[in-house]
Each structure stands twice: as C-alpha cells, then as structure tokens.
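Each chain, written out:
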Amino acid sequence: MSNPKEHLYQKTAFDLVSGFKNKQWKAAEIAESFLNRALDTNKKLNSFICIPHESILDHATLLDEKRNSNEDLGSLACSPIAIKDILCTSGISTTCGSKILQNFTPYYDATVVEKLKDKDALIFGKTNLDEFAMGSSNENSFFGPVRNPWNLDCVAGGSSGGSAAAVAGQQCAASLGSDTGGSIRLPASFCGVVGVKPSYGRVSRFGLIAFASSLDQVGVFTKDVRDSALLLRIISGQDSKDSTSSSNFVPHFLDSLSIKKKWRIGLPKEYFQQGLDSEVRQALSQSISLLGKNKFEIEEVSLPHSDLSIAAYYLIATGEASSNLSRFDGVRYGYRASNPKNLNDLYKRTRSDGFGYEVKRRIMLGTFALSSGYYDAYYKKASQVRTLIIQDFQKAFEKVDLLLTPTAPFTAFKIGEKTKDPIQMYLTDIYTTAVNLAGLPALSMPCGFDSKKLPIGLQLIAPRFEEERMFQMAHYLEKEFHVQNSKHHIVL
Amino acid sequence: MKFDIQTVERIAELSRLEFDAQEKEILLQDLSKILHYVEKLEAVDVEKIQPTYNIIESECFFREDQISVHLSNDSLFKNAPEVQEHFVQVPQMIASHE
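First to last, the protein sequences are chains A and B. Residues 1 to 492 in this note's numbering are what the first sequence spells out, letter by letter. Residues 493 to 590 in this note's numbering are what the second sequence spells out, letter by letter.
Keep in mind that the hints were calculated from the coordinates and are not lab data. Since the model is a prediction, treat every value here as computed from it, not as a measurement. One or more of the hints may lead you astray.
Output of the computed footprint for chain B on chain A, the stretches with three or more beta carbons under 8 angstroms from beta carbons of chain B [as the list claims (entries may be wrong)]:
# : stretch
1 : 236-244
2 : 250-258
3 : 339-345
4 : 447-453
The beta-carbon is built from N, C-alpha and C at its ideal position, and this holds for glycine as well.
Isolated chain A, as found in the complex (with noise of 0.2 angstroms):
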C-alpha cells in the first residue's frame, strides 16, 4: 500500500512506470504532480531554464491515450525526466545556460533524448548548469547561480546543477547530466542524489553540444540507484551518429542489481589526505567500517599522479574547448553582435559579448595551451600526464575490484564563496577529474550528513564498462544507508 500523503512527485521513475502501468495513476495525473511542483519551486532553485508546460500535457495526454487503447507502453512511461540544458531537444530551446546560444533552436534531439522519448519518458524542461559546462558550482549560467535545495544559501554544485537540484527538489522523477571533469559527480554529491558519469563511449555524444571531446560524457541523476541502473542502460549504446560510441556489451543493469560477490574494495590513500574535510572523513570511514564488518576485503591502494589530474584536466580540457567553441560565431546561429564593421569585427564582439567570463578565461587558456611554442610544453605536457594517470588505475584495479573515495573534499559551500580564486574552485574537482582522463565510470552517492545538514557524497570508480559492479556496491550501500539517510528531510 502507498502511502496516502505521499504525493506523485515524490516517486521515482521505476514506481512511476509500474504504477501507470497498472493504472494506479495517469499520465495526466503524474505531470501535473510534477508541474505544480516544479512551478512552484523553481522561484526559490532557478534549476531549470525552461519548463514546456503545454507540450508536457500534451504529451501526458497522448500517454493516457496510448494506455487506454491498450498499446505496449516503453520502459519509461510517464516519468518525467530533465534534460541539461547543453543537450539537443528538437523544438525546445537549448542555451547551454549562455547568452550566445539563448535563442537558439535546435531541429533535432539529441541521441540519448530520442531514447528516451521512444521508451515514453515525459520529456520535463530543460535544466540549468554552468555556461557551457564550465565550473564546478553552477554560478557561471547566463541564467543565474542555481541554489542547493538542503540550503538555498548554498551553491548546487556544476556544471550539471539544475539537474541535480531539480532531482533532489522533487521537481522531475530523474535528468541527464553531461560529466567533462565531475559535473554530474560534484552536484550529485553536493545535492544528495545519486549521479552516474558512465565509461567513455557507453553513451552517445550526439547532440551533447561540446566542451572536451575526449572527456565529455552523458550521465543520469537519480533518487536512487535502482533508477540509475534503469535510466543508464536506456540511453547506453553504439551510435553511427557518435564514431566514439562504444560497441561493447551494454549489461541489464536494472535485473543484476544484487551483489554477486564480495567485490575487493580498494582506498586511494591519495584521496583521504590533507584537505578532506573532517565530517566528510567521518561519514566515509563510517561507510568503510561498515563495509569491513560485513567482511568485504578493503585494501588501501595508490594512485601516485593524482595530484596533477587538476593541472592535466585544466588543459586538456580548455585546450580542446578553445577549439570546439570556436564554432560560436555569430554567422549561423545563436547571438550576433549588432552593426559589425567587418567579419572579423562579428567574430570578436559577438563572442566577447556572448560569452561570459569564465567561459572567455578557459578559451584563452586552452588557446594558449594549444598555440605554437607552447603546445609541447603545456598540452603535450598534460597527455604524457594523463597517460600516466590511466596507468595508476590500470595499477589498482590489478588489486581491487573497486575504488571507494569521497566525491568531493568538502560539502556545498556558500554562493559567492569561491568565485573570486579560480584555483580554490577548481581543486573542488580534486577527487572527481582523474576518472574522465581516464575514462571510466563513476557514481556518488549519499552516504550521509554534515553537522550542517548538508548531504555528504561518496564515490565509487570502476575498470572500463564495469559499471554493473558499480551499480551492484551501490545499490548494497543504499540498503545500508537508508536509516541513516532518512532523517532528514527537503523543506522547500
């Protein structure tokens, strides 16, 4: 039996589906659960960008339709999922939370869009984040910061922080994310929900507008890791519109959730010194005991390079992105800066009133880090770097089934905390970089709270398209957690 005060939008997407299934509830019913919700919370978590109101009944309308008629309905039937804003939804608007593309349009969705729309997910608006997913707070979007719905004087963490403070606020069942550096992680961690960065090239990439080729991946937002295991099995697979898709063999997450062995659980020692805030230690020592006294081997294991994985990624990172931004100039689409005096004159003032600031510092950091004379020294640099970085991995998974870290060093920090030192904000991807450098798949989940009620994120890394461990350890840990956890709630 359900519980009669609960109310729709509290659900997740698994028990949406089976409960409009079984006809338990409509579609009608369930969007407007959501909207209302989302409507009325949105003032206070600017987590999304543009919310389709009309489309979203309409499109609740054709599922009520389709169910009445008795027609197979898809794995994702009337639950309603958000799309970071930096993915393309044919007819909707896609900023990537910038000025330069606020009218852009696009005519077709992206991959992992249409998956989702053929398994009958409600396409929910799209969410907010960091201007082109540059940062690690969302406080860079043309949109404003997006604020963390356990305290609204709090940053959501980025990029992907609309999707996460949508999920965590009840605004949407789940949301896709995009994770070049931690920016599904980070936010997830940093909002208490559970957030999946998957290996590089399970997922698509077409119609995930750039940021670092090499790094970029799409990943879900979910209440728990049943959703995740059910969502990223959905929009996995290989894509002839995505040459860096993966053919490996996509595993059904969802059915072979339960823990198959004692996985070998392995602690970088790089990852609990200096720096690791002191509740955070706590909760994850408190996860680790637990996980001893239920007789899982942990081992302490070493990754020698981590401490340059900040440094590489900044490179790499901006360096590819100084060349995929390079697109935005004012001729085809997006903004364009009024009365030119030449084309050079629309390049330069369209991207320098379109672009916000820390998107323009990491053009003319990646610019010089890819300009003759300095490309040995800086990007060449950086991938030698990260090469010895994926070894250390390759190193420890020789040991370990499993890598168990925090998300981040600390828990959400206040609006406006970081924003005048650029180093300060990036080290809070400290623990979250090395994994895209080395393209694996990662996943942070609650583990527990701050003095300051303020959710406390635990990681766990996997080898590459192992994610089906990853989803087994956490979907274990959740079970343990779940007590622990529920003592605390949302009030918005």
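Given the coordinates of chain A, assemble chain B onto it according to the supplied hints.
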C-alpha cells in the same frame, strides 16, 4: 615563462575575443595564477611516455551510406541570425577599391 599583457593580447586575437584594459589586467592575473599552478607538471619525467589524446582503442566504424533524416532548408536556416533567401548573410568580406 613570460606571461604579460602582450601575451594576453596575442591570445585574445587568436581566440577572436576582445577585452578592455581592466579585463586584460584581471585576465593577466587569473591566467598567471592558473599557469603557475599547472607548472607542477614540469617536474614530472614523461620522456618515454606516449601522450593520450583519446581514450577509445577501437578503429573508426562505418555506417551504411543511406539517407536517414531529411532536413528542410527552412529548418536549417531558422537559427541563422541574418538570412537572405537561402543564404546566411555576413558583413562584406572583400573591400572595394573604387
């Protein structure tokens, strides 16, 4: 390595970006700070290490050369800021010498 206002100006030109004097000053400070931070890579011996530019091991795959989605000209031009008939308009590129 010397990173000064002239470097900021040169990189801005390559990036097709423009900044006023105050912005250049802020960029100089920020970028100097970031470059100072990434200097920690210098100490690493990578002489025998191959760079990784992409994580995928597999060869490029091919797809059937078939027409899949038909896009109309109208939909393609819908996002262009200035259009004349089926052309994107840009400022004059070749100066006249009359």
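Original post:
Mind checking, does the stretch 250-258 of chain A have 3 or more residues with a CB under 8 angstroms from chain B?
Top reply: Three-residue rule not met by the stretch 250-258 of chain A, so violated; n is 0.
Original post:
Counting residues of the stretch 339-345 of chain A that have a beta-carbon nearer than 8 angstroms to any beta-carbon of chain B, does the count reach 3?
Top reply: Holds, because 6 residues of the stretch 339-345 of chain A bring their Cβ atoms closer than 8 angstroms to Cβ atoms of chain B.
Original post:
Within the stretch 236-244 of chain A, is the number of residues with a Cβ closer than 8 angstroms to a Cβ of chain B three or more?
Top reply: With 4 residues close enough to chain B, the hint holds.
**OP:** Can you take a look at whether the stretch 447-453 of chain A is actually covered by chain B? Rule is 3+ residues, C-beta closer than 8 angstroms.
**Re:** violated (count 0)
Violated hints, in rising order: 2, 4; the structure is consistent with all others.
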